[in-house]
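Student: Single-letter residue listing:
2 protein chains.
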Amino acid sequence: MTIRYPNGNAYQAPAAKTGPKFPSTYTNYGKRGMTLEEELNESNTYYETTGVAVVHKKPTPIKIVKVDYPKRSAAVIKEAYFSTASTTDYNGVYQGHYLDFDAKETRNQSSFPLKNFHQHQIDHMRACTAQGGICFAIIKFVTRHEVYLYRGTDLYDFWDAQLKGGRKSIPYAEIAANGIQITAELQLPIPYLKAVDQLL
Amino acid sequence: MTIRYPNGNAYQAPAAKTGPKFPSTYTNYGKRGMTLEEELNESNTYYETTGVAVVHKKPTPIKIVKVDYPKRSAAVIKEAYFSTASTTDYNGVYQGHYLDFDAKETRNQSSFPLKNFHQHQIDHMRACTAQGGICFAIIKFVTRHEVYLYRGTDLYDFWDAQLKGGRKSIPYAEIAANGIQITAELQLPIPYLKAVDQLL
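Chains A and B supply the protein sequences, listed in that same order. Those letters in the first sequence? Residues 1 to 200, by full-length UniProt numbering. Those letters in the second sequence? Residues 1 to 200, by full-length UniProt numbering.
Everything labelled a hint here was simulated from the structure, so no lab data went into it. Among these hints, one or two may not hold up.
Covered by chain B, according to a simulated footprint, are these stretches of chain A (three or more residues, beta-carbon under 8 Å) [as the list claims (entries may be wrong)]:
| # | segment |
| --- | --- |
| 1 | 96–107 |
| 2 | 118–124 |
| 3 | 142–149 |
Here are the computed distance ranges between Cβ atoms for each label pair [as the list claims (entries may be wrong)]:
| # | chain 1 | residue 1 | chain 2 | residue 2 | range |
| --- | --- | --- | --- | --- | --- |
| 4 | B | N178 | A | N178 | 29 to 35 Å |
| 5 | B | S73 | A | T35 | 22 to 28 Å |
| 6 | B | Q181 | A | K164 | 47 to 53 Å |
| 7 | A | N116 | B | E185 | 38 to 44 Å |
| 8 | A | H120 | B | D157 | 38 to 44 Å |
| 9 | A | T143 | B | Q187 | 31 to 37 Å |
| 10 | B | E185 | A | S73 | 39 to 45 Å |
Don't be surprised by glycine CBs; every beta carbon is placed ideally from N, CA and C.
So here's chain A without its partners, still in its complex pose (with noise of 0.2 Å):
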């Protein structure tokens, strides 16, 4: 039977798909499309709704050189620059502890180029860490799809050989031997309080 849309055009059944939806080397690494701030924010939003923890991304800082204030209406600001963050990204409260990291991706396979950090970041991490917090960075490296904690001591180590002349590089097989990887879970892009569990 001709089954007909009220137009009066037949229906005609898609044509059978032939081979897998997905290569066959295709596996699910969660949202994809999302970028690494999307997915912490995401993450951050399920463990703040759920009482886990709160932590939020600073604002970007912008450098207000110009605002009109049109009758009636919001202030516009008519001339701005981005400025330079003098901390990292993201803090917050979990269940008492001071977090503080920044996160950092790259499509570089083989290592992670320290030239991702400032100096000030670095400065902020440390003086974060000598008043009890816990500092790390979470970073991912995007062509493996693979999202690691890396704690901040060894981080901080890695950033003072490169000052004395050391590489200006952290090993991927140094991240993936002593840093935590993070696996997506439903509702979790980036379960990184898991990982930070590993360091109370």
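Knowing the structure of chain A, use the given hints to seat chain B on it.
Tutor: Just chain B now, with coordinates in the frame of chain A:
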């Protein structure tokens, strides 16, 4: 003898000022010209450089609408708007403790109007308190030249009462009685950590 500038013009001594430099009622209240934010930033810088705590004000959140990328120079934000913060303005770490607070000033002598806070700020502080963070408000009565640390838990009580039809402000007498007064010290316009010590 006439003293001359290199170009030959004669030097004239400025006319002697008559009368006192300041009105006779002038009292030295410290750096009177500083805003509460400037006083806190200076205090936080002092605390950080002396290794006492790491506390920063978060950047003002801005919604960016239009950015120009001129060749060979920095990106210019051409249209942006101030957006509402979803958290408090200040947080950081002090000897292992997570600190979270907002700073507000009022010219009102007899009470602190609760409209200085927003629901989401109270929600944020309450969530941080639940995580074991130390949450409070720094309240400045501008015309009294008095600054208090007021506990988050006391603030939440007044906030909740207001929502149930209670008073829309916290009486000055309540803040003076149950808050902890903070008085300026050398290099420390607002030595609030001394007050925080009483909360630990």
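Student: Now, for every hint given, state plainly whether the structure supports it.
Tutor: Hints and how they fare:
1. 96–107: holds (count 4)
2. 118–124: violated (count 1)
3. 142–149: Result for this restraint: violated, n = 0.
4. B/N178 - A/N178: 29 to 35 Å: Given about 49 Å between the Cβ atoms, the range is violated.
5. B/S73 - A/T35: 22 to 28 Å: Once the Cβ atoms are compared, 26 Å apart, the range 22 to 28 Å for A/T35 and B/S73 holds.
6. B/Q181 - A/K164: 47 to 53 Å: 49 Å Cβ-Cβ, so the 47 to 53 Å window holds.
7. A/N116 - B/E185: 38 to 44 Å: Since the Cβ atoms of A/N116 and B/E185 sit about 40 Å apart, the hinted range of 38 to 44 Å holds.
8. A/H120 - B/D157: 38 to 44 Å: This hint holds: roughly 40 Å between Cβ atoms.
9. A/T143 - B/Q187: 31 to 37 Å: Hint violated: Cβ distance 50 Å, outside 31 to 37 Å.
10. B/E185 - A/S73: 39 to 45 Å: Once the Cβ atoms are compared, 44 Å apart, the range 39 to 45 Å for A/S73 and B/E185 holds.
Consistency with the previously given hints fails for numbers 2, 3, 4 and 9, ordered from lowest to highest.
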